[in-house]
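Visitor: Sequence:
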Amino acid sequence: MAQSFNAQGVLYYPIVRYFRKELAVPHFMVENLSKIDPEKLKFYGFKGLVFDKDNTLTAPYVNQIHSSIEKEFEDYKRIFGDKIAIISNSAGTKDDKNYKDAIQIKNDLGINVLRHNQKKPGGIGSVIDYFGVEPNELVMFGDRVFTDIVFGNRYGMLTVHVALLSKENDNKAAAKIRDYEIRLVKKLVAQGINAPKHNMFHSDICIENLLDRGF
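The opening residue of the sequence shown carries number 724 in the working numbering; numbering runs sequentially from there.
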């Protein structure tokens, strides 16, 4: 399912780009989910995990956990159980007629797909309704800065940016935007701009944080 117009993204871009630059910087930037320790997340008090789907858990438009993180994701599910959900800017939105794609993803992956009227970086209501905890007790994982990372930071989550899993079937426009986003994060980090402070941030959650070596 292709993504359509994102009013929240258009609205929030100039705010982040010129006034709230820290919202574009993740707390951790990793190669993939294997570089985050879910046991540590649980130990430090996080209550739930929120994932983007394409290029975070799966290859684009594929309803199967990517082979490179399949074993690791089983650990996430073992530790957090049903306190895991997907929030997508396509499946589960008003673009998803009768939530057909959301239902199919749930059937294929065994992960709940949140229904939401606002696309990321909006849509926090569905997250709060599902998890029933404060946003700072959640972790947001995603491959896109201006949707996933800004969304998580905007509402006080711990944020983890992951590198894309596969270029196959990747949306060309999205790929260009992603490249721009990464360049921007590099620039912001070089300027000394850090992610928003988080009261449950601990560096040992991450096995290899690309932000520490300039990625």
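Treat the hints with caution; some may be incorrect.
Keeping only pairs whose Cα atoms sit at most 30 Å apart, straight-line, the calculated BS3-like set for lysine-lysine is [said to hold, decoys possible]:
#	residue 1	residue 2
1	K920	K765
2	K910	K890
3	K895	K909
4	K744	K899
5	K800	K820
6	K794	K890
7	K770	K758
8	K765	K899
9	K770	K920
10	K890	K909
11	K899	K823
12	K920	K823
13	K829	K895
14	K920	K817
15	K829	K817
16	K910	K823
17	K744	K920
18	K765	K800
19	K820	K920
20	K890	K820
21	K817	K806
22	K763	K800
23	K895	K758
24	K806	K910
25	K823	K806
26	K800	K920
27	K800	K817
28	K820	K765
Read the hints as simulated data drawn from the structure, not as lab findings.
Visitor: Which earlier hints turn out false for this structure, listed by number in ascending order?
Guide: 8, 12, 14, 16, 19, 24 and 28
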